[in-house]
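Residue strings, one per chain:
Protein chains: 2
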Amino acid sequence: MLPDDARVVSADDHIIEHPRVWSDRLPAHLKERGPRVVDEDGVPVWCYDGRRYQPLGLDAVAGDDPTEFKLTSKAFEDMRPGCYDPAARLRDMDEDGIDASLGFPQFPRFAGQTFLEAEDKSLALLCVRAWNDFVLDEWTAPDRSRLIPLSIVPMWDVESAAIEIRRTAAKGARAVTFSENPAALNLPSFWSPAWDPFFSALEETETPLCLHVGSSSRPIVPHPDAPLPVIIGLLGLLSMQAFTDLVMSPIFNRHPKLKVMLSEGGIGWIPYMVERLEQVWEKQRHHSKVNVEKSPAECFRDHIWVCFIRDEAGLEARQRIGVDKILFEADYPHSDTMWPNSRKSLAHQLHDVPADEASLIAGGNAARLLRL
Amino acid sequence: MLPDDARVVSADDHIIEHPRVWSDRLPAHLKERGPRVVDEDGVPVWCYDGRRYQPLGLDAVAGDDPTEFKLTSKAFEDMRPGCYDPAARLRDMDEDGIDASLGFPQFPRFAGQTFLEAEDKSLALLCVRAWNDFVLDEWTAPDRSRLIPLSIVPMWDVESAAIEIRRTAAKGARAVTFSENPAALNLPSFWSPAWDPFFSALEETETPLCLHVGSSSRPIVPHPDAPLPVIIGLLGLLSMQAFTDLVMSPIFNRHPKLKVMLSEGGIGWIPYMVERLEQVWEKQRHHSKVNVEKSPAECFRDHIWVCFIRDEAGLEARQRIGVDKILFEADYPHSDTMWPNSRKSLAHQLHDVPADEASLIAGGNAARLLRL
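Chains A and B, in that order, are what the protein sequence lines are.
Residues 5 to 376 (this note's numbering) make up the first sequence, in order.
Residues 5 to 376 (this note's numbering) make up the second sequence, in order.
Since the hints were made in silico from the structure, they are not lab data.
Mixed in with the good hints there might be a few duds.
If several chains are the same, the list does not tell them apart, and a pair holds so long as it fits within one copy or across any two.
[To be verified] List of simulated lysine to aspartate or glutamate pairs, EDC-like, C-alpha gap at most 16 Å:
hint: 1; residue 1: LYS175; residue 2: GLU286
hint: 2; residue 1: LYS125; residue 2: GLU81
hint: 3; residue 1: LYS261; residue 2: GLU142
hint: 4; residue 1: LYS287; residue 2: ASP43
hint: 5; residue 1: LYS125; residue 2: ASP229
hint: 6; residue 1: LYS74; residue 2: ASP306
hint: 7; residue 1: LYS287; residue 2: GLU72
hint: 8; residue 1: LYS125; residue 2: GLU99
hint: 9; residue 1: LYS287; residue 2: ASP63
hint: 10; residue 1: LYS35; residue 2: ASP356
hint: 11; residue 1: LYS261; residue 2: GLU207
Next comes chain A alone, as it looks inside the complex (with noise of 0.2 Å):
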């Protein structure tokens, strides 16, 4: 049962960012080649770098009636403001019986991928600092205990990226997030030690490492024929995917104060996935190269949170995935929120359960694991 006055902390939002979150932040002779919505239409495009992006439609639904959600973008003046002026968010906040929460970049994607893949690295260094400095100047602005900064970093340049963690880690952010498959992206995988000075940051500082589903630009299609609902069926897969290889790998060997969050990935999984890992890891860590100074069950145990939007199965199966591994996500504006009712439904979900388990659920580890 959900306490009354318990405090609900998202782990997992996504900031909208409004047209000028770059021009008002780049130099000058940059402003123009930096990130800028242009009006196609009604259609914000954003134009970087020489490229057109243009944003999906289910990214932006908050109290959109599912049987109307379009794939086609939507114009800024369609979506609730709540998407990207955050005095309206913490107006939404309130209503959803939200107290605090985590913004994911959108334009950037997850983890910052927009701009790993452009071009010019000088510009994009810029832009990265850019949104950082936009989420701890201007977007949390209006209440900082309940928005949370979490920063992205230039994933191709560990040194620059370790940088970025301690100056944003300095101004107050309190998560990092970065890609479940850095591998996928051409960079070095989570096995190799040339992550080692971004780890060693993130370990610094006390700053959880956010994995967020999709953040690998490589959503897993079985084929051509699939539909987007299988595509978003299987997303968090990819989450599984992050934990398999996170706990067989030497990651935590290396770097024993490293928090990593897994964001939108479920947590109905768990106990079969740390089951299976066991066994494999048992029969088989003879004849191949896999971290054997811990099990995954302990790398999780140590390592490792998990986040839920609703999931009564994960629920129902907590003692075996751990009370305190769990956070809470309201999703806001994608599709899978359930904005109004987000503490509404998290409540049902955890009718069942103990007060003093549900508080840690519904916000307690989150506060804990974030330093609110």
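Fit chain B to the supplied structure of chain A, relying on the hints for placement.
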């Protein structure tokens, strides 16, 4: 609690074909081009249609100590005779506490992909029939009530496949094995009506379709650094993909009597996946073309059975899955087998499960689905 007299059926074991399976059956002028074993320094290498196929050592390890598992191929004389000799298999089943066993192909691969990939399709068709005749006439001959025949089909020709289903069903075959994702093999996807005659033959003969993990020939390999334990740990995700693909597709509308068994995919993820797909179906079926007649949970309930070797998380959640949907697997002689302790392992897992449910899971469900 598993009753002492409960019948244990393994819905998934593996037959290591002996070297003369094809040469005993092909016409004299094709014997040299059909599959035959060549000894290369003690390693039994299959040669077929101009290609070499080197077996994986992990596929014949029943009874081996996991710390001594090797990836390199194993000579026949180093395997337990139960791998390739049905009389010896029955003795190993006795020792393992297994009453009946459904045997999957090894050299042809789980869905017969070896023959699909062959250049000469008329030879390949003869090879498919030869494997089926080997199973029906030779492998199961020592005890037809305990060694249950499963057949493969010529995947490249839907009409021939339907004919082979009818031919083998008439000879006693109780299941057909096929690809979890035919599109990954450059065949039509499950969404295509091209398969209708194939599925109709399965419905007509009341034959369940087994989709074994790996039968797409497309394991999940997150990146080139990922060693085999990561790839093995992710095999269950192939069943999740097939599950998602099937329940979203119109296949069960067109084939209301079709029964699908997901082999070696585990069961602990089912509650998560069903709940998640219900959410996706509820919100996302309006803008994309998916099956709208039956929800994913209904498709599962009416059409899909799931299997486990060791899966305590899944057994704990058996009411969410459906006690009548769960089958046991011994996986002899592959590396997940618990031989000679399969029945003990099963009994341990079923310790807290009521006897009637335990009996269904151990063998009752399999007996019904396979019409034993």
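Open item on the list: Are any of the numbered hints broken by this structure? If so, which, sorted upward?
Closed with: Result: hints 1, 2, 3, 4, 5, 6, 8, 10 break, sorted rising.
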